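**Student:** Going down the list, the sequences are from chains H and P.
Here my numbering is used: the first residue of the first sequence is 1, the next is one more, and so on.
Here my numbering is used: the first residue of the second sequence is 1, the next is one more, and so on.
Hints listed in this document are in silico derivations from the structure and should not be mistaken for laboratory results.
Incorrect hints may appear among the rest.
[Unchecked claim] In the PhoX-like style, the derived pairs of lysine-lysine whose C-alpha atoms are separated by at most 25 Å in a straight line are: (1) P/Lys36 to H/Lys40; (2) P/Lys35 to H/Lys305; (3) P/Lys36 to H/Lys95; (4) P/Lys35 to H/Lys47; (5) H/Lys265 to P/Lys35; (6) H/Lys223 to H/Lys435; (7) H/Lys310 to P/Lys48; (8) P/Lys36 to H/Lys305; (9) P/Lys36 to H/Lys270; (10) H/Lys47 to H/Lys95; (11) P/Lys192 to H/Lys95; (12) P/Lys35 to P/Lys48; (13) H/Lys281 to H/Lys207; (14) P/Lys35 to H/Lys40; (15) H/Lys113 to H/Lys91; (16) P/Lys192 to H/Lys111; (17) P/Lys36 to H/Lys91; (18) H/Lys310 to P/Lys36; (19) H/Lys392 to H/Lys80; (20) H/Lys111 to H/Lys47; (21) H/Lys277 to H/Lys310; (22) P/Lys192 to H/Lys80; (23) P/Lys192 to H/Lys112; (24) H/Lys95 to P/Lys35; (25) H/Lys310 to H/Lys281; (26) H/Lys435 to H/Lys331; (27) P/Lys192 to H/Lys91; (28) H/Lys80 to H/Lys95; (29) H/Lys91 to H/Lys111; (30) H/Lys305 to P/Lys48.
Just so we're clear, the structure is a prediction, and the values are computed from it rather than from any experiment.
The primary structure of each chain is shown beneath.
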Amino acid sequence: MNEAVENHPLEMDKERFGIKEPGARYDLQGDIPNEERVRKAMVNFAKDINRTTATYMEACVHCGQCAEACHYYVQTGDPKYTPIWKLEVFKQAYKREASPFAPFYRMFNLKKKISVEQLEEWQELIYDSCTMCGRCSLVCPMGIDIATLVGLARHGMFKAGLVPHELHAVAERAEQEGSPLGATASVFEDRADWMADEHDTDVNFDKEKADILVAMSSIEIMKYPNSIGATARILNALGESWTFRSEGYEATNFGMLSGNVEWQKHMTMKIIDAAVKCGAKLVVLPECGHAYGALRWQGAAMYGKPLPFKVQHISEFLADVVSSGRLKVKKVNQTVTFHDPCQVSRRGGATNAPRVVMEALGVDLKEMTPTGDFNWCCGGGGGVVTIHRADKLRYKVFELKMDQIENTGADTVLSTCSNCRQSFNDAQQHFNWDKNMESLLELVADNLIED
Amino acid sequence: MELLEFARGDGLQIAVTIFAAGLIWRLVHLLMTLKKTDLSEARQAGEKAGGIRTIFSRFLHHEPFRERTRNGTIIAYTFHIGLAIIFFGGAPHILFIESFSGLAWSPMPTVVVHVTAAVTLAALIAAVVRRMRHPVLNMLSNFDDYFSWLITTLPVITGLLAVAHIGARYEVLLAIHILSFDAFLIWFPFGKLMHSIIVFGSRYTTGVTFTRRGARV
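Isolated chain P, as found in the complex (with noise of 0.2 Å):
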């Protein structure tokens, strides 16, 4: 089975080195940009504890703006969760990950796990059809919102196909599954896939500014 052979091979071992580059390229990129120095007398110490903070408070939004964004938090966190779930939970990936890493642990049941791929495509579905459907989710969208919609769906698909042994012989879908996995390797570090890595800078940044004021982060 070639094409197996190269998506889990080759195909991956380019993929990584790919997404190895670009993320390295990005983030040093980031990182050489001049840093400015905030010389404003602090109102409190503690800005560094207050950037950490942040990260984890956006997790959630401020009681006032929950309603009003409800509906768009509740699919990306079902989706979020979903992908998590099932890359982490899942037995075939955690072994894949132990090839790689030597880590493992202990896979969730094979049922929550497919519940869960089939309720993340759903997630994934509605959040497509509200980025077109939306009016300012639409407008603000681009080439890279739904490239990187399809990137991230496609082993999702891929992934329910291959279990389910729908459409081709099992060695074929999963050839097609990993395959799509090395897609979305690829184009990781290009288009806003990355923000699972900045998210973490642009929060902890705005954090230090608005500790260093004393005022809500």
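So that you can see chain H by itself, here it is in the shape it has in the complex (with noise of 0.2 Å):
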């Protein structure tokens, strides 16, 4: 047993996946001076400034709009949960060693150097308080990109050992066993054959070539197996050539939510040699906003060339296959709201494919407001939910989420993000909430008009 399954044992008996709440905070790895802690920080920091990230360093006006736009602002009315606030020290940090006046700054001593102190201070604001839902980045009036710099400060953060406790153990976890919550490839295996059976339908498993790869969750393996399922049934339905690999089958991406690009890297390139080595055209992603965005708008930086095949979430795919009248569904009587992911829809780009396979469906879709690429995040995004600290702050923005629901009128709550779903069940368990929130991947697999 490794030193991250006997530290943090998982608790498999709450709503949420995750580890056992620890008894004190720790939120400091390793043990190193703090100059030393404030030096990897920065030099990490550096490390991800381009013209890109440069450009938005310098653009911010303090116009603090962001902070309308944020689900936390929004929530606690508390000043210090403003976005772009969130990026005050790394702001600090351009401006003293990197921005064209650095000389400047420091012979005067005009932007003060980073103390381990503030970077303490801030860890709140760049994990517990900000899920990358990439609101603020739409309303920013200089059209600064604030979610693709927390995720960058973050990167600064894991080096200088400054993760919250929880979230750095389930990415040493996803890291050293190959998934956050303990689905190896074993158990994986195992809990297909298991939904093999159930659905009445074939898993296929390491198939030497297919045109599909399709990779799951660990939540959905763990928690929401029917989605394994569901996966193979409509896969079988269409005739398709396609295959789990036991070598690359989990696309959940922690080493991007803590900040550790090597695990990052280490992650996706997993799912990428798997679909190389099976001769994939085409990757299917999960139920999984996070999944998307790591493989889809992330992976080829981490290959170092364009990715060899197309990757496609989940809901993508269905649309196509729906639209084209591949796949054929029967109508579902039912009134339903829809929670974009925000990784999916907002910072992905593929808001319409839901709804796509909605209308295939026949249901009463009663949008949310606002909603698609406006809609508020489910406050668990970004590897919040893991940390346990956060929980209160969470349930707070889940409130606005709650409103939203309720005022459709809407029997049932679909999505097509795994993590979305637990975050929302576990709100749901907390608010004692009459509401569930489904799978669309699910309810088409339920549905299907199988010849």
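Dock chain to chain to rebuild the complex, using the hints, since each chain is given by itself in its own frame.
**Tutor:** Laid out in structure tokens, this is it:
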């Protein structure tokens, strides 16, 4: 048993999968001097400075309008949750170390050196209170992509050993075991076999050659395994040549969420290598928001060249096959509302895909206000759902989501992200709320017209 | 009138030199920074057009954001448009522009420019009061924010005083007005006033990225 497993046992009896809440706060990793911690944070943040990030750093006019788009500020009124403020120490470091007038800033100490105390204070802002949902990026009059900058700031924080304990442990477990939730390859295969029986379908494992490589998220494997069966049923109904591969089946990327670029690359490369090995022309990603961003938009950067296959979120795949008439579904007499996963819709550009699928299903869709690209985040993205100390804040921002859903009057809430789904289920339990979030993928599978 | 001669002679030349050198250095520094290539497969073509579109589309907030950002937006637009009307519509300013560029156009009616200047000043005061009182803005604000505000507001105040002949002889007031503009030019490349140029780059960059993804810009 490795250190991560020994020190951080899984929490299997809760709505939200994660690790047991630690008895004390451990938000420093490693035993290194404070100065070294600061140096590592700054050096690794500086590595991400390029023309885009430098332009963003130079552009802010401190108008504060990003606050008005952020669920954390809107729900608490606390100015520290202003999105651009979450980058303040990194802006300070940029000005002092890398900006056009950096020598003057240093010579006259116009921008002070960053202290470890500042970084510790900012840990909550960079991790606990930012899901990188990107609403702030969409409102910024200067066009600054603040969410991306928060992701880059996490790189420095990780290297400095300043990651919230639980998120670090989950990411470490994912790196060591291949899954943040103990869904090792053999566990996955067992559960996939179980789902094959349950759904009376075949699950393809480790086929030597296949046109489609399918990946799942650990949350689905461990908590919503019907997704495995649903995916298999749909692909089999289409007669696709597809497979799961034991060397690359898990699509979540806690390396990316925690800020460890090496782990991010390692996790991404498992799927890329598996796809290349089986000659896949398409990788279908599961109902998981950040998994989509990690491979669809960042995968090629990890690979160092364009990916030799296409990448689709499962909702995009479903939209293609229902709109082409290849997949036929029964009409569903339900009033539903749809929660857009931020990384798939607002940040990913696939906002319309689930709506195409819902139209094919004939559901009565009651859109939330706001919806689609302007949707409020569930509050659990960006790894926030793993961080216990952030629970209170997460529930506070979830109240926005509850209001949105209640106002639609819909019976069912659908989504295409298992992380949103577990955040939703956890908050549902917390609030004793009667609404349930369901999977669009599973709804499609349940209503397949199979020849 | 030595002060006036200095203000529009050597003073202005020094200011323009610093303005140009600072501007070039800041832009060259940005352009020399490594450009990262996006290797992901674009969902759609037209990313450059998307970047240009974003430069314009971000002039107006998307509808869902408008209510919560209304006050800040109205104040900002009032003084930005006001400053443009004053600078490009005031007869003396057009003469000034013509003196070094040869370009000239019909001025706006004096009364329009004067009223605009008064409204602009009111908006600038509202902006700084809001910056001091609003918890978010107060927290975000630093020396650059307040000094840039001051350096922008001084030419408006001194211009109004010169027009109204209040406080001193006209030549003195005019000299102070031009000196305040000189100061504006000197500070421009070093602080947030540069946003009036960088805004095009940051909006374009985000527009390109998210157009590639087929996402909303």
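**Student:** Each hint should be assessed against the structure and marked as holding or not.
**Tutor:** We went through each hint and held it up to the structure:
1. P/Lys36 to H/Lys40: 22 Å, holds
2. P/Lys35 to H/Lys305: Holds. P/Lys35 to H/Lys305 sits at ~16 Å (cutoff 25 Å).
3. P/Lys36 to H/Lys95: 20 Å, holds
4. P/Lys35 to H/Lys47: 13 Å, holds
5. H/Lys265 to P/Lys35: 21 Å, holds
6. H/Lys223 to H/Lys435: Answer holds: H/Lys223 to H/Lys435 is near 18 Å, not above 25 Å.
7. H/Lys310 to P/Lys48: Satisfied, since the Cα-Cα distance of roughly 23 Å is no more than 25 Å.
8. P/Lys36 to H/Lys305: 13 Å, holds
9. P/Lys36 to H/Lys270: 24 Å, holds
10. H/Lys47 to H/Lys95: 15 Å, holds
11. P/Lys192 to H/Lys95: 12 Å, holds
12. P/Lys35 to P/Lys48: This hinted pair holds, its Cα atoms lying about 15 Å apart.
13. H/Lys281 to H/Lys207: 14 Å, holds
14. P/Lys35 to H/Lys40: 23 Å, holds
15. H/Lys113 to H/Lys91: 11 Å, holds
16. P/Lys192 to H/Lys111: Roughly 15 Å separates the two Cα atoms, so the pair holds.
17. P/Lys36 to H/Lys91: 20 Å, holds
18. H/Lys310 to P/Lys36: At roughly 22 Å apart (the allowed maximum being 25 Å), P/Lys36 and H/Lys310 satisfy the hint.
19. H/Lys392 to H/Lys80: 16 Å, holds
20. H/Lys111 to H/Lys47: Holds. H/Lys111 to H/Lys47 sits at ~20 Å (cutoff 25 Å).
21. H/Lys277 to H/Lys310: 15 Å, holds
22. P/Lys192 to H/Lys80: Given that 25 Å is the threshold and the Cα spacing comes to 22 Å, the pair holds.
23. P/Lys192 to H/Lys112: 19 Å, holds
24. H/Lys95 to P/Lys35: 19 Å, holds
25. H/Lys310 to H/Lys281: 6 Å, holds
26. H/Lys435 to H/Lys331: 22 Å, holds
27. P/Lys192 to H/Lys91: The given pair, whose Cα atoms are some 13 Å apart, holds under the 25 Å limit.
28. H/Lys80 to H/Lys95: Within the cut-off at roughly 21 Å; holds.
29. H/Lys91 to H/Lys111: Status holds; Cα separation ~10 Å.
30. H/Lys305 to P/Lys48: Distance ~21 Å between H/Lys305 and P/Lys48 Cα, so the pair holds.
Taken one by one, the earlier hints all hold for this structure without exception.
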